[in-house]
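S.K.: Those protein sequences? They're chains V and D, same order as listed. In short: position in the first sequence from 1, add 6, done, that's our numbering. In short: position in the second sequence from 1, add 2, done, that's our numbering.
Accuracy of the hints is not assured; some may be wrong.
[Unchecked claim] Derived contacts from chain D toward chain V, CB cut-off under 7 angstroms, selection only: (1) Glu186; (2) Asn212; (3) Leu239; (4) Leu246; (5) Ala250; (6) Ala253.
It should be emphasised that the hints constitute simulated quantities derived from the structure, not laboratory data. Quantities reported herein were computed from a predicted structural model and do not represent experimental measurements. Using N, Cα and C, we set each Cβ at its ideal position, and we do this for glycine too.
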Amino acid sequence: MSVAARARFTWGTAAAIPLLFLAIVPLQKAIDSYPSRMSAPEALWLRSGAFLKAISMGYDSLLADIYWTRAVQYYGAQFETGGAQFPELYPLMSIALTLDPRLTVVPRTGSILLSEPAPVGAGRPDQAVQLLGQAIAANHDDWQLYASLGFVYYWYMKDYTHASQVYLEGSQYAGAPVWMKGMAARIAELGGSRDTSVMVWSEIYQTTSEPRARENAREHLMALRAQADIEALQKIVDNYRGPIMRITSLQDLVEDRLLPSVPVDPAGVAYVIDGWGRVGLDPASPVRLDILEPTKHDAAAP
Amino acid sequence: MAGTVAINTFREAVRDRVLYNLVLFALAMMAAAVLVGQVTIGIERQVILNLGLTAISLIGTAMAVFIGVRLVYKEIEKRTLYTLLAKPVRRWEFLVGKFAGLVLTLAVNTALMTLGLAAALFYVTRGFGRADVSIAVAVYFILLGLALITALALFFSCFPTPILSTLLTLGLFVAGQFSSALREYGKLAHTRALAVILGAIYYLLPNFHNFNAITAAAHGDVIPGALILHNTLYAVLYIAVVLLGASAIFANVNLK
């Protein structure tokens, strides 16, 4: 091959390769679009964190990071395509924690993902308690773990006795905020009140870094505020004795100067009244009251 | 001319007793077929298929890498390449011939191993069903993957030493197995730039995960015809890219 022919050949191939790669991209996208039946379902081959730690040759910390990342990926994948079933979530998190017991982000975030009812979480607060117990055994003076455990007992299990005890125990350790002691007393006295719920969800919202868990806390806070608004508005509507027989719109209350303006929910959408005179959320509102269903707050509680 | 080189490469592989691995495979399959009934309950078919198809894939991969990286180097070392290139054989024809020869060797090897697997499966299940068609598809996918590994090995055999070529080929093979994980990490990335970079790497790396249908075959799942077509096109295109790159490099290698 002459020098010129060789140069032509080289430049020709250099031009052809990117073009061929451009053809590969849509092909790969087409292959990716098939349901992932070709590969094995998510499974843990090694379920013993202790065994993994032994064979990690000192790289257990890195392995813990990998397992935690895998747990988050697993959660995301199951949430999107796995029918919101999370059978391997607890083992993955427990292994990560065994490999690195100081990786407290695992139990703090993981406990919410484990406890939340389907489809958001695994609906297994018992596993969350187990995970937090494992973490507390290795970090007995970490008040944040007690706060998380108290929260699981309080919100998901309605076990106010344990919740109060755990908050009180956690409040004794260095760095614990003052509210923990107050929370212990409040829960012991009032059980599941809305104000207490707002306090615990606010704490979760401020301290959680995992985006979905944070969004979950935000949604709960919005729902709690909307629930309180609706109850307050309902009282006004029920006690209304104005010039018209029945209120059909909150605008009537504004016109009667009982309200300065039509109140809006935490998402900025105006509240509405149905044909029976019941105040509620506009169907278009993104706020969801059904996520509060498991708690059934005592409306009489302050 | 590429065809002549291919047939000679195949003959050379047979002369080098490369196909002796089949004896090892046959023994493993026989042992598995006898043992599987003793140690498992209800999943004999899955076990024998997982074991057999994994062995076919692993043995084929080892052959593709270790023979592939020496294909060109050996010809240079023995100086037989000079005699060959003195004849009317273009360098790219030589490369394509070498590639085709090794793929032919792998195809024969894989076909014989598949027969051994089928015999073991027949011994365990006492018959074949319609679901067993997916085994043939899984074997075909394995062969596509092996052809791609061969192309990569040949590419790397054009310039560095065999040890480095082996490491690079194996490295790319392992990276290609985990390329899906890269894409997932990209989704978790906090910066868009990192997500874009990881996404680009995902498409640049050879995706060996595409060719893994072992689980589907073990469970008797139907593999869509369109997927077979897409995977075939993917392998053909990627092999074309790699062989073009290898040809461009080999055309400029100073053999004096």
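S.K.: Taking the hints in turn, state whether each one holds.
M.R.: Structure-based check of all given hints:
1. Interface restraint check for Glu186 of chain D: the shortest CB-CB distance to chain V comes to about 5 angstroms, inside 7 angstroms, so the restraint holds.
2. Interface hint at Asn212 of chain D: satisfied, since its Cβ lies 5 angstroms from the closest Cβ of chain V, which is below the 7 angstroms cut-off.
3. Checking Leu239 of chain D against chain V: minimum C-beta separation of about 5 angstroms stays under 7 angstroms; hint holds.
4. Satisfaction of the interface hint for Leu246 of chain D is found here, the shortest Cβ-Cβ separation to chain V being roughly 4 angstroms, below the 7 angstroms cut-off.
5. Contact between Ala250 of chain D and chain V, as hinted, is supported at the beta carbon level, the nearest pair being about 4 angstroms apart and thus within 7 angstroms.
6. Against a cut-off of 7 angstroms between C-beta atoms, the interface hint on Ala253 of chain D holds, since the closest Cβ of chain V lies about 5 angstroms away.
The structure agrees with every numbered hint stated previously.
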